[in-house]
Each structure stands twice: as structure tokens, then as C-alpha cells.
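Trainee: For reference, the chains in residue letters:
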Amino acid sequence: MNLTTQETIQWIERANSVFQEKKDELTELDQVIGDGDHGINMARGFQAAAEKLQAGSYATPSDALKDAAMTLLSKIGGASGPLYGSAFLKLSSSTKGAETISFDQFKEAMSEATDSLKMRGKAEESDKTMIDVWGPFTAYLQVQSDVQPDEWIEKLADAKEKTKDMQANKGRAAYYKEKSVGHMDAGAASTYYLFAALAEILKERGE
Amino acid sequence: MNLTTQETIQWIERANSVFQEKKDELTELDQVIGDGDHGINMARGFQAAAEKLQAGSYATPSDALKDAAMTLLSKIGGASGPLYGSAFLKLSSSTKGAETISFDQFKEAMSEATDSLKMRGKAEESDKTMIDVWGPFTAYLQVQSDVQPDEWIEKLADAKEKTKDMQANKGRAAYYKEKSVGHMDAGAASTYYLFAALAEILKERGE
Amino acid sequence: MKKLINHPSDVVLEMVQGIVAAYPNEVELLPDTTVIVRKQKTNGKVGIVSGGGSGHEPAHAGYVGKGMLDAAVAGEAFTSPGPDQVLEAIKAADSGAGVLLVIKNYSGDVMNFEMAAELAEAEGITVEKVIVNDDVAVEDSTYTTGRRGIAGTIFVHKIAGALAETGASLQEVHAAAEKVVQQVRSMGMALSPCIVPGNGKPSFVLGDNEMEMGMGIHGEPGLEREELKSADEVAEKLLQPILEEGVFKTGDHVAVMVNGLGATPLMELYIVNRKIQELLKEKGLHMTKTYVGNYMTAFEMAGCSLTLLRLDDQLYELLQAPCDAPGF
Amino acid sequence: MKKLINHPSDVVLEMVQGIVAAYPNEVELLPDTTVIVRKQKTNGKVGIVSGGGSGHEPAHAGYVGKGMLDAAVAGEAFTSPGPDQVLEAIKAADSGAGVLLVIKNYSGDVMNFEMAAELAEAEGITVEKVIVNDDVAVEDSTYTTGRRGIAGTIFVHKIAGALAETGASLQEVHAAAEKVVQQVRSMGMALSPCIVPGNGKPSFVLGDNEMEMGMGIHGEPGLEREELKSADEVAEKLLQPILEEGVFKTGDHVAVMVNGLGATPLMELYIVNRKIQELLKEKGLHMTKTYVGNYMTAFEMAGCSLTLLRLDDQLYELLQAPCDAPGF
Ligand SMILES: Nc1ncnc2c1ncn2[C@@H]1O[C@H](COP(=O)(O)OP(=O)(O)O)[C@@H](O)[C@H]1O
Ligand SMILES: Nc1ncnc2c1ncn2[C@@H]1O[C@H](COP(=O)(O)OP(=O)(O)O)[C@@H](O)[C@H]1O
Ligand SMILES: [Mg+2]
Ligand SMILES: [Mg+2]
Ligand SMILES: [Mg+2]
Ligand SMILES: [Mg+2]
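Protein chains in written order, with full-length UniProt numbering: chain P, 1 to 207; chain B, 1 to 207; chain Z, 1 to 328; chain U, 1 to 328.
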């Protein structure tokens with residue numbers, strides 16, 4: 001894998017493009033079983049993060065991820081702000097010092113990030129949140145020895161689809177109780193787009 | 001003419017039935033170039049006046065007209081309340097003491113009532129108000145020697161129709177300026193119904 | 001028509017009962033009326049009475065309280081109350097020093113309040129009146145009804161009420177109220193109509209992308225119906241005709257009221273206020289005090305009005321004076 | 001979507017700027033934030049900080065003032081502000097005696113405010129928090145997010161703010177605020193949806209003759225969607241689940257808040273209040289103080305909520321204490 005600083009920045013930029021494009025889709029998902037702002041939040045947060053990284057200069061991926069984390073934390077807002085913020089902080093701290101991020105380092109970082117999400121959100125898998133994509137995707141990564149971008153996207157898509165069958169226990173969707181079943185979780189969808197963007201970048205350079 | 005006390009009470013009752021029936025029509029007229037409450041006001045006021053007269057016992061038409069006046073004044077509200085109230089007060093004071101109201105007494109009373117309307121409303125004929133029915137009808141009466149109910153109704157209808165061509169200077173319709181042209185004045189319409197009710201009563205007893 | 005009411009014909013009585021139920025120690029309802037009066041009377045204080053049709057809440061019952069009104073008369077929806085009710089209010093508000101009537105310039109209000117004043121004078125109560133006509137959207141003409149009274153009325157209540165509280169004479173209170181009328185100007189606009197409960201139909205129809213400048217507080221028409229503009233543009237369009245009156249000059253101290261018509265969120269009123277204050281500063285006016293909120297409404301109409309009051313030292317002092325009215 | 005705004009992405013910043021423009025002597029904006037703070041600091045006073053997504057005005061910036069909040073953090077529309085902004089608010093509100101955070105129980109608010117508290121503690125500021133969850137329409141479960149915080153939050157601001165003003169310690173202020181949370185219950189209902197500016201679509205759809213009981217202040221669903229009822233019936237339906245909580249007993253003294261969600265005329269709130277007070281009297285409760293108005297809104301949503309707070313002597317005193325916040 002060996003993700004470079006440049007590629008890390010590219011990832012955030014790519015994610016930003018995707019969130020600008022998918023803004024309405026994510027907002028509509030959040031409208032059905034939430035308050036209808038998730039796309040707006042993600043588009044605002046990643047726009048700011050992309051601008052921040054473009055303006056900065058970074059020695060390591062970890063440095064770039066830290067600035068991304070702080071910006072997301074500040075600019076996404078809502079429930080997803082501290083969640084994505086915490087997760088990116090872990091991606092940064094876990095890879096601190098490395099010139100590039102190896103696949104093993106990425107696996108470990110994702111595992112720590114997922115744990116931090118659970119802690120911050122006081123949530124578990126099956127609560128119908130973004131954790132239902134972070135969790136299964138991280139579990140899948142642990143048993144892999146190399147990056148398979150197409151398979152990543154498949155696994156991610158699978159995980160986000162599965163949130164449809166769940167009943168929400170956390171976040172605003174929880175107020176919809178049994179009515180939340182049948183609808184995809186907005187945070188699960190945004191997590192899918194986030195890592196699909198990384199998969200594409202890795203694929204483009206031939207992985 | 002020689003309107004009896006009983007017939008005076010009957011007049012108010014009849015007018016009340018008509019205003020209940022025409023409530024929406026009058027309100028709609030007032031909606032177009034006013035605030036949409038004239039029918040409500042007239043229905044409320046005459047309902048109260050009819051109930052008041054039914055409950056009372058009166059020696060003369062003037063006594064009944066006085067109670068009617070006070071009730072209309074209190075219960076119609078808006079611009080038309082003090083106007084109908086003042087007019088009925090004049091109808092009462094002008095016929096004070098009479099056992100029945102002769103046509104000559106009626107003519108004089110109508111003349112005084114119309115003057116009181118002009119004073120109270122600080123308005124003249126052609127301002128597109130109820131005065132544009134009270135005024136022409138009173139003028140017509142002055143040159144008559146007996147009651148012609150069908151002709152009354154004709155004259156009243158004519159007068160109310162003419163308000164369509166006028167531009168309003170007084171009341172809420174004045175805010176519509178030239179846009180008020182083309183629409184009938186609500187107070188003109190209610191005045192028509194008021195005296196048409198009297199004409200019918202006089203006609204029923206064979207005049 | 002979605003309203004939290006019981007029966008349309010009961011809304012006014014039930015509303016005033018709801019007001020008394022909310023503030024039972026401060027106000028009471030005069031028996032068999034819809035007149036709200038202060039419970040504590042100050043002997044020898046000039047009484048201040050206002051009122052008019054209902055649907056403008058907190059106007060007027062919400063302004064009954066120390067430092068403002070002594071009595072408020074609530075007519076039916078958008079319908080001036082009859083003189084008998086106004087008379088009861090005058091009698092209750094009088095404690096020997098006379099009563100000032102604050103009347104908004106509508107045919108109905110003027111006639112009913114004037115008749116009540118005549119009746120009160122006949123009973124030996126001295127009555128003065130001011131007729132508020134602050135709405136610059138209406139052409140000022142003695143030939144017609146003239147300008148409407150809208151949110152500027154609240155400043156008349158405030159100033160007259162505060163001065164009366166100091167023990168000033170009816171003549172002094174009347175003069176101060178007249179000064180406010182001379183120095184206050186307003187302009188409104190609407191985004192959506194309102195519905196009178198007993199009527200059930202919208203007072204007018206606006207397209208999805210339309211607004212109406214100069215709208216009155218009963219759905220009376222404004223100056224022009226036009227495409228919906230930004231808050232900043234609306235602010236300019238509200239301010240311009242007010243400034244054109246020539247009442248407000250560079251260096252003047254002014255009080256500002258950005259008033260919501262009922263359904264417009266406070267957020268939007270603050271956004272409009274932001275631009276208003278910017279524009280006033282540019283004109284070299286000093287904003288001494290600003291009020292943002294729902295002060296003179298029109299049921300659930302969306303929209304707002306802007307009011308400017310030119311302040312001299314007296315008016316400034318009186319505006320700052322304490323006031324207990326729940327609506328202010 | 002008819003709103004008096006400029007650009008949807010600017011509404012929050014322009015709103016707080018409009019607030020500062022309205023009350024320039026009382027409040028100010030912290031640089032590069034949407035945090036409104038009091039201009040006059042009292043040294044050694046416990047700081048009270050609240051906030052959350054915008055669209056609930058006057059909550060929360062309108063509650064900044066003597067006797068209430070020291071700072072309010074305005075997030076984007078219905079979106080909790082990030083921890084960095086909350087941290088700035090905490091730093092501004094601290095004058096050495098520590099800071100109490102008043103948080104409404106939503107995932108986003110809780111997480112962002114908790115992160116800010118951690119950051120503040122790291123900078124040496126003592127921070128306590130209360131999480132308000134007064135909405136009885138939501139099932140109370142530790143397994144889920146639990147109950148929402150709605151209009152009852154205002155009573156927490158008032159009590160904590162008043163006690164802090166007396167020079168009480170952070171521990172005492174925290175305890176009083178917790179007591180309010182234990183003794184306050186609310187229930188809301190909606191007649192029409194609201195529109196988040198950046199989204200542009202109604203938060204839900206209700207039929208012409210429908211209402212929703214238990215509606216949250218962000219358009220979250222309630223308990224049941226049903227046929228529109230009379231104001232008296234709505235009053236009963238709001239009160240019943242609150243009384244079923246077992247918090248309010250015969251003979252108790254209570255404060256009552258009938259809160260409008262944004263577009264509901266004050267007239268209707270008073271009509272609802274009339275019935276509420278009647279029902280409370282029947283239950284043998286003493287209404288010591290009643291608030292009727294728009295305190296915790298949801299943009300232009302039509303509807304209302306009812307809040308009851310059980311008062312003991314301490315809470316009664318603190319509720320009566322003077323308060324300068326423009327929204328209260
Ligand atoms: N307690 C929680 N733990 C984990 N994820 C959560 C939690 N609460 C909410 N989320 C995630 O956040 C998403 C909503 O984010 P967003 O709409 O931006 O914030 P908000 O809910 O404050 O409006 C949900 O779809 C869900 O995936
Ligand atoms: N100044 C006036 N002089 C004479 N008639 C008037 C005047 N103002 C209004 N009117 C009459 O009153 C009618 C309106 O009455 P109504 O709708 O009941 O009261 P309001 O205008 O207060 O709502 C008008 O149609 C007009 O005929
Ligand atoms: Mg959301
Ligand atoms: Mg009318
Ligand atoms: Mg009227
Ligand atoms: Mg949100």
C-alpha cells in the first residue's frame with residue numbers, strides 16, 4: 001500500500017469531490033430518518049479539509065491526517081463531526097512518524113479508529129450508524145495481506161446496504177424506532193464514499 | 001307605512017336571517033378590497049340584536065330601535081359597528097314617542113341617519129362606502145309619497161351596484177386605491193340587504 | 001386552516017382568558033368584556049388605554065403592565081371593539097388624572113374609540129387621544145383614511161406609559177405621545193398571507209417566488225408585489241421609504257424595531273436587522289436601542305416590518321425606563 | 001422555500017452578527033466564531049455555557065445576559081457546533097470559578113460538548129455539565145440515545161444562571177441544574193414542518209387535517225400522527241404524558257411554559273394555556289409562574305410544546321430572580 005503524503009492529501013481531495021457530488025443524496029438519506037443535513041455537513045467539512053491540506057505542507061501522511069482531523073472536527077459539526085474527527089485523529093496518531101503508510105499500519109490505524117468511534121459514539125455494531133461500515137470493513141482488512149480495491153468497494157457497499165435492515169439505537173434515527181428499518185443510514189453511506197475514494201486512488205496507481 | 005313595534009322587531013329578525021345567509025357573500029366582498037370580516041361582523045351583530053329584541057318588551061318602535069342600536073354598536077365592531085350603531089340611534093331618536101312610524105317620519109329619520117353616518121365616517125357620497133346606498137336611497141325616499149317595496153329593492157340594488165365603479169377613499173378599501181374599482185363595497189351590499197328585508201316585510205302585509 | 005383553537009367565534013375570549021390565566025397576579029379581565037386591565041392601580045396616574053382588533057398579539061393585551069398600558073381592549077379578529085368595551089377600559093384605567101387613548105389609524109378603531117371617548121367625557125372622565133399613523137407604505141392624504149398605524153404604536157405605548165408612571169399630567173403624556181407619532185415611521189412586507197379564524201381563507205395569495213412590499217397588518221395591499229429578494233435587499237427596500245420621509249437626519253439618535261409578522265423565525269429577523277444596522281450606520285444615524293421580535297403581528301403571516309423612532313433626550317430616557325409588560 | 005435570508009450557508013454567521021448589531025452594549029461575537037458572549041464579566045462567577053444547532057431562536061444566543069448564560073455557541077442549522085467553538089465559549093465564560101455546560105441530549109451536542117470539556121480541562125478549566133432530556137415523547141432508555149432535550153432547557157439556563165449570579169460555587173450551580181433536569185418534563189406537537197435553509201425541503205409532510213403529537217424540535221417524529229384536534233384536546237394530550245411521569249403531585253408548585261415552535265401565533269398559545277391552567281388546577285397543582293411565547297423554536301414550524309417544572313423554595317426564588325437576556 002505505502003500511502004504517501006501526497007496520496008493522503010489526494011484522498012481527502014477526492015473524498016471532497018465525491019461529497020460535493022453526493023451532497024443531496026446523503027442529505028436525503030438523513031431526511032428520511034434524521035434531520036436532513038448529513039450531506040451538507042460532509043460537504044462543508046471536507047471542503048474545508050481539502051482547502052486546509054492544499055494550503056499546508058506536510059512531512060508525513062500523519063501530519064496531513066492530523067490537520068484533516070482537526071478541520072473535520074471543527075467544520076462538519078453535528079454527530080458526524082466528532083466521529084469523523086476522532087477517527088481521523090486516530091488514523092493520524094496511529095501512523096505517526098511514518099514516511100508512508102504500509103498496509104499493516106493502515107490495518108492497525110483502522111482498528112484504533114473504529115474503537116475510538118465506538119467510544120465517542122457510545123455505540124456498537126448493529127446500532128445502525130457509520131460504525132456498521134467502519135467495523136465490518138476493518139474486520140475484513142485484518143484478514144487481508146494486500147490491497148484489493150475492487151473488493152474493498154464491494155465490502156463497503158455490502159456493509160452500507162446491511163444498515164437498511166437494522167433498527168437504529170443511536171443518533172437521531174433512533175427516534176424513528178422500528179420505522180428506521182428499511183432505510184440506509186446516512187453515516188454508513190458517507191463512510192462508504194470515503195473509503196471508496198481511497199480504493200479508487202489505490203487502484204489508479206495500479207493496486 | 002305605519003311600522004308597528006312588532007314589525008320593527010320583525011325587521012331586525014328578518015335582517016338577521018338574511019345576514020346569517022349572506023355572511024359568506026359579504027365576507028368575500030370584504031376579502032377582495034378589505035380584511036374579510038364584514039359578513040362575520042354583520043352576522044354577529046344582528047344575531048345579538050335579534051336576540052335582544054326577542055327578549056325585551058317595547059312600547060314603541062323607537063324603543064326597540066334604541067336597543068337594536070346599542071347592541072349593533074357593541075356587537076358588530078370594526079368600522080361598520082359605529083356606523084350602523086349611529087344610524088340606528090338616529091332612527092330611534094328621530095321617531096321617539098311614536099306608536100307607529102309613518103312614512104314621513106321614516107323619511108326624516110333616514111335623512112338624519114344618513115347625515116350621522118357622514119359625520120361619524122367623515123365620509124361623503126362617492127367614497128365607496130355604505131353611504132353610497134344610504135344616501136341615494138334616502139334621496140329617493142324624499143320624493144316619494146308612499147312605500148313601493150319593489151321599487152325600493154330596485155333603487156337599493158342600483159345604488160350598491162354603482163359602488164363597483166367608484167374608487168374607495170374611506171375604510172380599508174382605500175388602501176387598494178385604483179385597484180378598488182370594479183369591486184362592490186361590502187357595506188353597500190349589507191345596507192342593501194338591510195332595507196330589502198324591510199321592503200319585504202312591508203310587501204308581505206300588502207304594500 | 002390549521003390553527004390551535006377551539007371554535008372560531010371563541011378565539012378572542014379564550015385568548016384573553018388564557019392571558020389572565022398566565023399572569024393572574026398582574027392582570028385581570030373586566031367582567032363580561034374582553035378588556036385586560038392591570039390589577040395594581042396607582043392613584044393619580046394618567047391611564048393609558050389601547051386596543052383594536054385581535055390577531056396582532058402580543059398587541060395589545062401583552063403590553064398591559066407597569067410602564068406601559070393600564071388597559072387593552074381586544075376586539076374580534078381584525079375587528080375593532082365596540083365603544084362600550086372601550087368605555088369600560090377607560091373607566092377602569094382612570095384614577096382621577098384622565099386617560100390617554102392610543103388609537104391606530106383605521107376607520108373602525110378611530111370611530112369606536114372616539115365614540116367611547118365621548119361617552120367617557122359624558123361620565124366626567126377627561127380623555128385625550130393620539131392616532132398613530134406610522135406606515136409610510138400608504139400615501140398620506142387628508143382626503144382619504146390616511147396612513148395606517150402599525151408597529152410604531154408600540155413605541156407610543158412605551159413612551160406614554162413610562163411618562164405616566166412618573167406622575168406626569170395628561171397634557172404632558174399626551175404631548176409626548178404626539179411627539180412619538182410625529183417622529184416614528186414604519187414599513188412592512190409579507191411573504192405569506194394570514195387566515196382570520198372565522199373566515200378560514202387566506203387574506204391574499206402570493207406566488208411561490210413573490211413577496212409584497214408595504215403590506216399592512218391585516219393583509220391590506222402594499223405598494224408592489226414583486227419577486228422574492230434577499231434579506232439584504234428587503235432591508236434596503238424597507239429602510240429607503242422611511243428615510244425619504246425626511247424625519248431622520250445624520251447625527252440623529254434612533255430606536256429601531258425589526259418586527260416579525262407572526263410566522264417569520266427570529267433568525268430571519270436578526271439577519272434583516274444586521275443589514276438595517278449597517279445601512280443606518282452608513283447614513284450617520286446612531287442606534288441607541290434596538291428591538292427584534294414579534295411585537296405587532298398578523299396571525300400567521302410571514303414577513304416583517306421596520307420601525308424607526310427619532311429620539312431626543314426625553315424620549316431616550318422614557319424608552320429606557322423599566323417596563324413589566326410581558327410582551328415587551 | 002420563502003425565507004428572509006441571503007445565502008443559506010451564511011444564515012448562522014449573519015444571524016449572530018444581527019444579534020450583536022441589536023445589542024452591541026450587552027454582547028459580542030468571539031473573533032472567527034459564532035459564539036455570542038456577555039460583554040461584562042463578573043470575576044469569580046461560575047460561567048454558564050449552552051448552545052447547539054441553530055434554528056431554535058431565541059435559543060441560545062437570546063439567553064445570553066445577566067442572570068442567564070455567559071456564552072452561547074451557535075452551530076449550523078440543526079447541527080451541533082464543533083468542539084473548537086464550544087471550547088472558545090468555555091474559555092470566554094470562565095473567570096476562575098469554572099464553567100457549567102448545559103447540553104441538550106442529542107448525540108451531536110453531547111459528543112461535541114464533551115470533547116470541548118475534555119479540551120478545556122486540559123487547559124486547566126474546571127467544567128461540569130448537565131444533559132437536559134425533558135421530552136417525554138421519547139422512550140427513556142439507556143440502551144438508545146434516550147430522551148431529547150427541548151424547551152425545558154430554558155428553565156435550566158434560568159435557574160443555573162440566577163444561582164451563578166449569587167456567587168454560588170460550580171458544585172452548587174451544577175446541583176441546582178441537575179435538580180431542574182430531574183424535575184422538568186416537556187411534550188410537543190406540530191401542525192406543519194420546517195425547512196432547513198441549506199436543504200430547502202420540508203422536514204416531513206403532514207396532511208391538511210393532520211397533526212403530530214410528540215414532535216421533536218428538528219422535525220424528528222413524534223408518537224402518533226393523527227387528525228387535527230381542538231386546542232383543548234391538544235392541551236390535554238400534551239399534559240397527560242407529562243403528568244404520567246409521576247414527578248408532579250397534588251399540592252406541588254409548578255412553573256409552566258407554553259412554547260411556540262415558530263409559526264404559531266401567540267393567540268393560539270394563550271388559548272392552549274387557558275386549558276392547561278384549567279387542567280392543572282383540577283389536578284391540584286399550583287401554578288406559580290407561567291411563560292407563554294416562542295422560547296425554543298424549530299424555524300417556521302407551527303405547533304407548540306408544554307413544559308412543567310416542579311418548584312421547591314430554591315427553584316422558585318431563582319426563577320423569580322431578575323434576568324436581562326433579550327429572549328427571556
Ligand atoms: N452515537 C453515534 N455513534 C455513532 N454514529 C453516530 C451516532 N450518532 C449519529 N451517528 C452517525 O452520524 C450520522 C448523522 O450525522 P449528521 O447528520 O451529520 O449529524 P446529526 O445527526 O447531528 O444531524 C448518522 O447517520 C450515523 O451514522
Ligand atoms: N369612514 C367610513 N365611512 C363610511 N363607511 C365606512 C367607512 N369605513 C368603512 N366603511 C364601511 O364599512 C364597511 C366595512 O365594514 P367592516 O368590514 O365590518 O369593518 P372593517 O373595515 O373595520 O373591517 C365598508 O365596506 C364600508 O361600507
Ligand atoms: Mg443529520
Ligand atoms: Mg372588514
Ligand atoms: Mg375588520
Ligand atoms: Mg443535524
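Hints in this document: simulated from the structure, not taken from any laboratory. We treat Cβ as the ideally placed atom computed from N, Cα and C, and that holds for glycine. It cannot be assumed that every hint is accurate.
[As the list claims (entries may be wrong)] For each label pair, taking beta carbons as the anchor points, the in silico distance ranges come out as:
1. V205/U to E118/Z: 51 to 57 Å
2. P24/Z to K164/B: 32 to 38 Å
3. H286/Z to A55/P: 38 to 44 Å
4. K179/B to G182/P: 51 to 57 Å
5. Q20/P to D312/U: 52 to 58 Å
6. M1/Z to V181/P: 33 to 39 Å
[Claimed, not checked] Pulled from the structure, derived: some chain P residues nowhere near chain U, Cβ distances all over 10 Å:
7. D35
8. T100
9. F103
10. P136
11. K177
12. G206
Trainee: If a hint holds in the structure, say so; if it doesn't, say that too.
Mentor: For each hint, the structure was consulted:
no. : hint                         : in the structure
1   : V205/U to E118/Z: 51 to 57 Å : holds (54 Å)
2   : P24/Z to K164/B: 32 to 38 Å  : violated (51 Å)
3   : H286/Z to A55/P: 38 to 44 Å  : holds (41 Å)
4   : K179/B to G182/P: 51 to 57 Å : holds (53 Å)
5   : Q20/P to D312/U: 52 to 58 Å  : holds (54 Å)
6   : M1/Z to V181/P: 33 to 39 Å   : holds (36 Å)
7   : D35                          : violated (4 Å)
8   : T100                         : holds (30 Å)
9   : F103                         : holds (30 Å)
10  : P136                         : holds (21 Å)
11  : K177                         : violated (8 Å)
12  : G206                         : holds (38 Å)
Hints 2, 7, 11 from the list above are not met by this structure, while the remaining hints are.
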